[in-house]
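S.K.: Letter by letter, the chains look like this.
2 protein chains.
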Amino acid sequence: MNYPDSVRIIEVGPRDGLQNIKEPIETKHKVSYIEMLAQAGCRDIEITAFVHPKLIPQLSDSVEVCNLLHRKQAESQRPLPAGINSVPPVPTNVGNYFGDINYSALVPNIKGLERAIECGIKDVAVFTAASETFNQKNTNTSIDGSIERFREVVNLARSNNIKVRGYISTAFYCPFEGRISPDKVVDVSAKLFDLGISEVSLGDTIGAAVPTDVEKLLEQVLARFETNTIALHMHDTRGTALANVVQGLRMGMSIFDTSAGGLGGCPFAPGAAGNLATEDLVYTLEKMDIKTGIDLEKLSQASRFMENILGYSLPSRYLHASKCAKC
Amino acid sequence: MNYPDSVRIIEVGPRDGLQNIKEPIETKHKVSYIEMLAQAGCRDIEITAFVHPKLIPQLSDSVEVCNLLHRKQAESQRPLPAGINSVPPVPTNVGNYFGDINYSALVPNIKGLERAIECGIKDVAVFTAASETFNQKNTNTSIDGSIERFREVVNLARSNNIKVRGYISTAFYCPFEGRISPDKVVDVSAKLFDLGISEVSLGDTIGAAVPTDVEKLLEQVLARFETNTIALHMHDTRGTALANVVQGLRMGMSIFDTSAGGLGGCPFAPGAAGNLATEDLVYTLEKMDIKTGIDLEKLSQASRFMENILGYSLPSRYLHASKCAKC
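So the protein sequences, as listed, match chains A and B. According to this note's numbering, the stretch in the first sequence is residues 3 to 329, in order. According to this note's numbering, the stretch in the second sequence is residues 3 to 329, in order.
In case anyone wonders, no lab produced these hints; they're calculated from the structure. Quick caveat: nothing in here was measured; it's all calculated off a predicted structure. A few of these clues could be false.
For identical chains, the list gives no copy identity; a pair is met inside one copy or between any two copies.
As the list claims (entries may be wrong) - No farther apart than 27 Å at their CA atoms in a straight line, the calculated lysine-lysine pairs in the DSSO-like style are these:
| # | residue 1 | residue 2 |
| --- | --- | --- |
| 1 | Lys-24 | Lys-325 |
| 2 | Lys-325 | Lys-193 |
| 3 | Lys-186 | Lys-289 |
Just chain A, same shape as in the assembly:
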């Protein structure tokens, strides 16, 4: 079997992971967590979301997260871009202010993008769904309505040299509509790419997909779009996420979204898993001779740091095993 030599892992713990956690977490702890992820070798980290504070209270400190991250990086003697002498505040259009790491943020609309730009963010992500019902309930508009909303977002982003990623939630199953047709996912993906979005991430939002679902969807998606523009964003709610990613790997996929420690879990069920844990994927890939660039022990340290902040264990199987001298 031919697998890719290396993959790109998008670490979504600080955003997708934290957003489901009710306990308030101090900004300084979030930034330490992000720094530990970067030190572990994560090169794509979604660090926050510029959404209305009432929608995701946990991420209402997005500006502060960015500013503190900038300041700490400056203090740590990373070279600042030419013309930039002090932080904060962060001027607009400063080039890759965060060094060689892609710190990205979720933005729901133009206002969110403007704030992200002010914070020096160079990669953003927008989100829609493949299920009309889910999108209506989640964003209060139709899929086409949300895509129309993205038009000005993508235009402003591109004029600022900012890449835009598009999440498609419920790409496999919807809690309201059940199984989603691959045709629908292809259709929504095409509309996103037509807007100028650079990468589409297919989300198994409720963690219900199995490898044959991934196979059926990717057969259609990869027939239409370049493999290196499609990511898989699998949730481990029913334990299937890693098997689904391996199915994607077999079909040439090489971009996967995961959350360190499996941080976040299911927003509705205490103890239930959410995003595939970065540790479980990195362990598997490295042992399959597929390079991730991520140091598993340092990554686990970041997760254990967050476990200490939260006061409970995260779902990652590897993380549990790493605490056992005999495993």
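Fit chain B to the known structure of chain A by using the hints.
M.R.: Below, chain B alone, put in the same frame as chain A:
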């Protein structure tokens, strides 16, 4: 991709799951648990082990488990074999005393087999390893020594029309020797089949294998032995078990050992996963249109029953999700 139409799942929760649990569990609860598993559609259940009580105190009530199970089945008006009017005690050589369910037991030696026969058990399993160091530490003899020990076990079993399964522990990785050569596993398997063992179960004892490991081992094993005589017994210590089983499925395998709820966990690490959870496998297989014969809701009821007895949650991802109305 062609997967098998159906698989045989060997439910090992009452033996492999319980043996790692320190809290004493009443015999009546074990039997209720086994009955619930049977009612969920499990047709192969490893119910206990006839080992020295000091080695596995949790399973020291193996005779009582069998007798109570016999009695309850008789009381529930299952037809008793001809000539059998009352239980217990259970006479030897009574045919399939447990109806259409294969209740099996682990036996380390001839003495264990004799006790199993007295209890009406018709399927037994012996265990060795692919790692000399592991086998020496686990059974106090070499691999060849343990196989020699099995000779009289298999002979007595066959003369009693009892099938013998052989577990090969550390078939992928050993905690002492590291990676195990597929040649060694083929060699041990051949010796077991030569003795007259009907089925070999390949165990990822420390849950370290990834799909490429499964591929490499099965390429050699399945080139030598019939696919329907080989089982996979994967542990989920690092979250890889389901992906490994899917790799086995792709190569034609159709016998898998799992534990309801993932009961048992890692014997060394509280909270760490052990056997692949039956729920997670059944969910995946049924959604892949591969029949298991197992009712997922009834299976989850059995696991929730055991969670209530134990007073803590079991590792199965599906089981967690099943408690959430929105997942």
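S.K.: Could you run down the list of hints and mark each one as holding or not?
M.R.: Now for the hints, and whether the structure bears them out:
no. : hint               : in the structure
1   : Lys-24 to Lys-325  : both (26 Å within a copy, 20 Å between copies)
2   : Lys-325 to Lys-193 : neither (46 Å within a copy, 37 Å between copies)
3   : Lys-186 to Lys-289 : between (35 Å within a copy, 20 Å between copies)
The structure is inconsistent with hint 2 alone, although it conforms to all the rest.
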